[in-house]
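2 protein chains.
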Amino acid sequence: MANDNKKAFVEHITPRDENFSQWYTDVVTQADLMDYTPVRGSMALKPYGYRIWELIQAEADRRFKDTGHENVAMPMLIPESLLQKEADHVEGFAPEVAWVTHGGTEKLTERLAVRPTSETIFCTMYAKWIQSYRDLPMKYNQWCSVMRWEKSTRPFLRTSEFWWQEGHTMHATAEEAHEEALQMLHVYRELCEDVLSIPVFSGQKTEKEKFAGANITYSVEAMMQDGKALQAGTSHDFGTNFSEPFEVQYLDKDGKLKYCHETSWGVSTRLIGALIMTHGDERGLRLPPKVAPYQVVLLPIAFHKEGVLEKVKEVYNTLKDAGIRVKLDDRDYVSPGWKFNEWELKGVPLRLEIGPRDIANGVATCARRDVNEKFTLPLDNIAKGVQESLDDIQKNLFAIADKFKQERTKDVHNMQELEQQVNTGYARAMWCGERECEDKVKELTSATTRNIPFTQEPFGDKCVCCGKEAKTVIYFAKAY
Amino acid sequence: MANDNKKAFVEHITPRDENFSQWYTDVVTQADLMDYTPVRGSMALKPYGYRIWELIQAEADRRFKDTGHENVAMPMLIPESLLQKEADHVEGFAPEVAWVTHGGTEKLTERLAVRPTSETIFCTMYAKWIQSYRDLPMKYNQWCSVMRWEKSTRPFLRTSEFWWQEGHTMHATAEEAHEEALQMLHVYRELCEDVLSIPVFSGQKTEKEKFAGANITYSVEAMMQDGKALQAGTSHDFGTNFSEPFEVQYLDKDGKLKYCHETSWGVSTRLIGALIMTHGDERGLRLPPKVAPYQVVLLPIAFHKEGVLEKVKEVYNTLKDAGIRVKLDDRDYVSPGWKFNEWELKGVPLRLEIGPRDIANGVATCARRDVNEKFTLPLDNIAKGVQESLDDIQKNLFAIADKFKQERTKDVHNMQELEQQVNTGYARAMWCGERECEDKVKELTSATTRNIPFTQEPFGDKCVCCGKEAKTVIYFAKAY
Chain U
1 MANDNKKAFV
11 EHITPRDENF
21 SQWYTDVVTQ
31 ADLMDYTPVR
41 GSMALKPYGY
51 RIWELIQAEA
61 DRRFKDTGHE
71 NVAMPMLIPE
81 SLLQKEADHV
91 EGFAPEVAWV
101 THGGTEKLTE
111 RLAVRPTSET
121 IFCTMYAKWI
131 QSYRDLPMKY
141 NQWCSVMRWE
151 KSTRPFLRTS
161 EFWWQEGHTM
171 HATAEEAHEE
181 ALQMLHVYRE
191 LCEDVLSIPV
201 FSGQKTEKEK
211 FAGANITYSV
221 EAMMQDGKAL
231 QAGTSHDFGT
241 NFSEPFEVQY
251 LDKDGKLKYC
261 HETSWGVSTR
271 LIGALIMTHG
281 DERGLRLPPK
291 VAPYQVVLLP
301 IAFHKEGVLE
311 KVKEVYNTLK
321 DAGIRVKLDD
331 RDYVSPGWKF
341 NEWELKGVPL
351 RLEIGPRDIA
361 NGVATCARRD
371 VNEKFTLPLD
381 NIAKGVQESL
391 DDIQKNLFAI
401 ADKFKQERTK
411 DVHNMQELEQ
421 QVNTGYARAM
431 WCGERECEDK
441 VKELTSATTR
451 NIPFTQEPFG
461 DKCVCCGKEA
471 KTVIYFAKAY
Chain A
1 MANDNKKAFV
11 EHITPRDENF
21 SQWYTDVVTQ
31 ADLMDYTPVR
41 GSMALKPYGY
51 RIWELIQAEA
61 DRRFKDTGHE
71 NVAMPMLIPE
81 SLLQKEADHV
91 EGFAPEVAWV
101 THGGTEKLTE
111 RLAVRPTSET
121 IFCTMYAKWI
131 QSYRDLPMKY
141 NQWCSVMRWE
151 KSTRPFLRTS
161 EFWWQEGHTM
171 HATAEEAHEE
181 ALQMLHVYRE
191 LCEDVLSIPV
201 FSGQKTEKEK
211 FAGANITYSV
221 EAMMQDGKAL
231 QAGTSHDFGT
241 NFSEPFEVQY
251 LDKDGKLKYC
261 HETSWGVSTR
271 LIGALIMTHG
281 DERGLRLPPK
291 VAPYQVVLLP
301 IAFHKEGVLE
311 KVKEVYNTLK
321 DAGIRVKLDD
331 RDYVSPGWKF
341 NEWELKGVPL
351 RLEIGPRDIA
361 NGVATCARRD
371 VNEKFTLPLD
381 NIAKGVQESL
391 DDIQKNLFAI
401 ADKFKQERTK
411 DVHNMQELEQ
421 QVNTGYARAM
431 WCGERECEDK
441 VKELTSATTR
451 NIPFTQEPFG
461 DKCVCCGKEA
471 KTVIYFAKAY
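Chains as they are written, first to last, in this note's numbering: chain U, 1 to 480; chain A, 1 to 480.
Just so you know, the hints here were simulated from the structure itself, not pulled from any lab data.
Yeah, the Cβ is synthetic: ideal placement off N, Cα and C, and Gly gets one too.
Treat each hint with caution, since some may be false.
[Claimed, not checked] Derived coverage of chain A by chain U (criterion: at least 3 residues anywhere in the stretch with Cβ under 8 Å from a Cβ of chain U; other residues may be distant):
(1) 44-53
(2) 91-98
(3) 200-213
Construct all of the structure, not just a fragment, from the sequences and the given hints.
Here it is in structure tokens:
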């Protein structure tokens, strides 16, 4: 009975082109990544979803440490008075803060915000910790969850609570802080492209779209299979906007007291949403091997027959010893076809079937999740063959997504072209730089500016909206 | 100037026997593990303190996964109605809950608790996730912070917010749940003894001291250098106490709907407090190599001289490549003596000095932090010598602490002996099992029952307090 329920479950994924949004929800829930909870707008990450996050964390954390950052843990509650110290910041975040007003039975004299982000508490502590130029740079990061009281929510994309990392760094000079912000954007691009196989547009946000309190916000923007944009990571240069009100100062070599220059940068469990909408297909998830909880699923075929289970276990141990994440599915109460469906739904990159005939031939029958193609790998030196396949899948998923991204990005020369293009993808346009045109494009097309690319390559001299002199190339897209 | 400040700083550690509590605070702050924050009772974990936690986490997490547990993430806010479903539980936790009452400008219809622990939300989700016996056991864990609105706080030992892991598991039978609770206590014992070099007393808590809502609570109890007990980890068998009100049921093979049997278990950043108070000395921390952020500090001596820095860097790379966590301290603005003090304060297990004379002799001059003893290691095959020293330090710290624990544990036969013994350590006593005697001992001596050892070895037949028939051996101690 349980099986029949599940079977029906697996088969009911809404086709992408019929209803992309429903397809997404179907995949998220049926692949067992998360579940809804009784807490408004908050999700629970189930083991399979959380394991993906752990793998993303490990890849990101290693890169943070390699670039000289250290992890810390800050309080999750932030006194209201701290939030109010930077005017733009409080204006941006106050409407979506969850407030703690009571401790036990006692009413608090000051409300405490469940952190929506931690600039204010980091600055408070940095002001204590930094004295001299010798303490700089101070480059800390924390892994935690934050809370933003969202009106409407979608799993991984927008939830009241979400899991993320937030790096906060202090530097002696404006140049150094600026370099740090760019460096971390580069780390995010690498994380997206090399680890998640998600190609991105790197660039600078407009004044309108930048973070509340920042001088400059950089972003990496991904393209989902419905052509919409998903902001995958941001990196901010604050200058001294926070260090002045929070008095984060250092004594320089010249004996003068100076304000520190600050950055912050973050990626979140949103990246899991990006993974799904970049790589998923009609059969469910397709996971890049580097973040797949199981890179290989191993299925014994006709495993009541002598020698099958022994051989499969031998292969299992060989792959495990080679550092490959492998799952042996030896359930005897579901059919192989059932298992195929389930592991395809869960996006396992490589499936190996081993039955009596395979063993006789000295091979494993393989199926890659990225392409519809069966092949065999010799059981001798199986780990090498598997690793090569995984490497190829990792690259191929990127290539597929990159081709899609290029096909769905077009230069537009007028509002008509822009309006049409943002229905299917990104519009590259010339822009005068005025907020007015940005607002007008949004009003007419519901597309927003994504970012201003570092490499400009202008293709005209007139603003796509007002026709006046263009100052920059910019990407427009509808966004999550 | 900065140096002079710091120098004075390092030297001002209150002697342990003068004021143990002040010694603890001095070490915690001066070794740069944490700092106080403007949030009542909440601390910030600084990089050095957080790195110790990361290393503890890695060791624990590996053991959880090896015993078949998976990580998940649950919402940090829990609706008040969920907390109220289990009577003992809400009674135990309600007085120390931080309440969220507003989201943005909107007053919530139901208050939300910042989780003090997560039994209630886990049970809510398990009720959705578990259908049949095939789904069992379900063994999940989460790493997070929790909040308990404490009146008086001490770094790592008792803070409003603290970081921990909480495992929550569901089983088909009472026996299985009971085995799980014991298994995880065993994991905690191993974590304390093999990783943290902290010997512990394993046993069962009394009815009075058990967790709010549990049938049985097991604990591992450590002994600090002032003879006081510190509860290092707990593991609870809930039976069906939560699964009944939360309706966590499964369809068994026999077609009947049955309640699941539950456990939960946790260790927290308290373990860092235990580390300090078990191993620290007059010069500061002494860290077991397995959780030392730096296992080795490498100091170049007279490093303006030709070849010194090159050689030291070569040794640095050799050790790093061998997987040893090594810090090269090549600051040229502080003296070697200064560096000695600082790294001793921070508890680095092994110091290597390399100067022109050492290089000429083909050795490194070494100092172990656990014993006051200098020796040399040949530069050829230095990684092997270092690893052997680290292994020995790890074992020796345990041996020192274990000797202390044994010396400070005594059998007591009457209240006078008990009262005396709990001033310096643990009292092993015979107990009638009645709450009345437990309360009386606490009232008269301020010592509490720690736990009932698994191996009993009774040494009398009369209760230490009332003189009536004794039912069990039990440990009493004053506790953090």
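Exercise. Tell me, in ascending order, the numbers of any earlier hints that this structure violates.
Key: 3
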